[in-house]
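Chemist: In order, the protein sequences belong to chains X and Z. Numbers given in the numbering used here equal positions in the first sequence, counted from 1, plus 14. Numbers given in the numbering used here equal positions in the second sequence, counted from 1, plus 14.
A few of these clues could be false.
Because identical chains cannot be distinguished in the list, a pair is counted as satisfied if it fits within a single copy or across any two copies.
Derived lysine to any residue pairs resembling SDA-like cross-links, with alpha carbons at most 25 Å apart [stated by the list, open to error]:
#: 1; residue 1: K83; residue 2: N49
#: 2; residue 1: K169; residue 2: G87
#: 3; residue 1: K83; residue 2: Q52
#: 4; residue 1: K83; residue 2: A60
#: 5; residue 1: K169; residue 2: S111
#: 6; residue 1: K83; residue 2: L59
#: 7; residue 1: K83; residue 2: G51
#: 8; residue 1: K169; residue 2: D92
#: 9; residue 1: K83; residue 2: A56
#: 10; residue 1: K169; residue 2: S146
#: 11; residue 1: K83; residue 2: A72
Simulated from the structure, these hints should not be mistaken for laboratory data. If you're wondering where the values come from, they're calculated on a predicted model, not measured in any experiment.
Number of protein chains: 2
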Amino acid sequence: MARELAVVLASGGLDSCVCLAEAARDHDLALLHVNYGQRTEARELAAFGALADHYGAARRLVADIGYLKAIGGSSLLDPALAVETAGLPAVGAPVPSTYVPFRNAHLLAIGVSWAEVIGAGSLWIGAVEEDSSGYPDCREEFYRRFAAAVDAGTKPGTRIRIETPLIRLDKAAIVRRGLALGAPLHLTWSCYTEADTACGVCESCRLRLRGFAGAGVEDPIPYAPRGA
Amino acid sequence: MARELAVVLASGGLDSCVCLAEAARDHDLALLHVNYGQRTEARELAAFGALADHYGAARRLVADIGYLKAIGGSSLLDPALAVETAGLPAVGAPVPSTYVPFRNAHLLAIGVSWAEVIGAGSLWIGAVEEDSSGYPDCREEFYRRFAAAVDAGTKPGTRIRIETPLIRLDKAAIVRRGLALGAPLHLTWSCYTEADTACGVCESCRLRLRGFAGAGVEDPIPYAPRGA
Chain X
15 MARELAVVLA
25 SGGLDSCVCL
35 AEAARDHDLA
45 LLHVNYGQRT
55 EARELAAFGA
65 LADHYGAARR
75 LVADIGYLKA
85 IGGSSLLDPA
95 LAVETAGLPA
105 VGAPVPSTYV
115 PFRNAHLLAI
125 GVSWAEVIGA
135 GSLWIGAVEE
145 DSSGYPDCRE
155 EFYRRFAAAV
165 DAGTKPGTRI
175 RIETPLIRLD
185 KAAIVRRGLA
195 LGAPLHLTWS
205 CYTEADTACG
215 VCESCRLRLR
225 GFAGAGVEDP
235 IPYAPRGA
Chain Z
15 MARELAVVLA
25 SGGLDSCVCL
35 AEAARDHDLA
45 LLHVNYGQRT
55 EARELAAFGA
65 LADHYGAARR
75 LVADIGYLKA
85 IGGSSLLDPA
95 LAVETAGLPA
105 VGAPVPSTYV
115 PFRNAHLLAI
125 GVSWAEVIGA
135 GSLWIGAVEE
145 DSSGYPDCRE
155 EFYRRFAAAV
165 DAGTKPGTRI
175 RIETPLIRLD
185 KAAIVRRGLA
195 LGAPLHLTWS
205 CYTEADTACG
215 VCESCRLRLR
225 GFAGAGVEDP
235 IPYAPRGA
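Only chain X is shown next, with the shape it has when bound in the complex:
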């Protein structure tokens, strides 16, 4: 029997890999990757391809929203702005420079359009509110409100749930959940700055490494030697 079709946003990172593993439990998969001119675009796309191959997903869509680079406003997009490497943001700290203004709304809009055309009943995104970088477009409340907009802005017969299975997990719980689901964490890529071996010091590497440390397992991807 055919299973319900799910569109899953897959950046190629740790969180989206575990989100994908959750969706794969009882859905047929349509995998969506979005390039937006970020520093490590090619490396993330390679990780997306490896994950899609791993899950045998025939339906894949790679969308390009390079206009976000023209809009700017983020150190992930603008070589003139430095990516923070000094540590993790404290609670109540300002939104980090790596925030790409309202980016996740673009990812959701693309996913909803695709889901409406192919008849998928849900759209999955590995957003994390707790233990994250404090991006406003990763808040659970944002997803709840966006889902209400989807109900009003699509055809009367369209029903697309927005699924955020990681939203309340911390990074250690995400790593543990991924291991429990047999997710191919070795295929993922999280580093914001490099494309061969992860830097280990950017905000994204630090969050990832803290997650593996908290779960008591070693991160299977290679990191650049420290203190050389």
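Put chain Z on the given structure of chain X with help from the hints.
Modeler: Below, chain Z alone, put in the same frame as chain X:
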């Protein structure tokens, strides 16, 4: 004194021109045009440029979301699907084939990202719910809900209003309002199918012509000869 900055979505059509004229009354303008692989993309872009020149808007952004064409599902994007020319949709009729699934959410997301980066306090879109084609993403309720998602998904200090000044107007009222504001309606383009002289029979041309007829004025743009 500098006026508040407004991002205005301008397709180059009649509605967006009147929306632009409304915004221009008391805002500095940042004009946004989006190409999405529609049949008359080049003609619409030319109309956008003419409108931006008319209003002396220095800030302009043209964003490309060609991935919508890959997603498909609309006769505006897919040459294999016919554009309806038989008349205007009746109340309660199914959503027409020209509906581009959830398209306006993409336009809003781009506008919000740009507004957040440049510090604009509002985003304007010439969506029309009454007397329109019955697209779900033109409903007032969709904009209300999307605005709530914007509040949750942008930085704590960001406040961006979504302005839909035409949402409850019929086409004749839009034409009259445009004339009252001195909007350059002769520079606009609405036809879904042609790029030199408007066809006069597609859904968009019919709505437009009905609006001018209702306002008792002649449409200043050229139409192809009928019944030849």
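Chemist: All the hints need checking, so say for each whether the structure fits it.
Modeler: Evaluation of the provided hints:
no.	hint	verdict
1	K83 to N49	both (10 Å within a copy, 16 Å between copies)
2	K169 to G87	between (34 Å within a copy, 12 Å between copies)
3	K83 to Q52	both (8 Å within a copy, 23 Å between copies)
4	K83 to A60	both (20 Å within a copy, 24 Å between copies)
5	K169 to S111	between (37 Å within a copy, 12 Å between copies)
6	K83 to L59	both (17 Å within a copy, 21 Å between copies)
7	K83 to G51	both (6 Å within a copy, 20 Å between copies)
8	K169 to D92	between (38 Å within a copy, 19 Å between copies)
9	K83 to A56	both (15 Å within a copy, 23 Å between copies)
10	K169 to S146	between (34 Å within a copy, 15 Å between copies)
11	K83 to A72	between (29 Å within a copy, 19 Å between copies)
When held up to the earlier numbered hints, the structure conflicts with none and fits them all.
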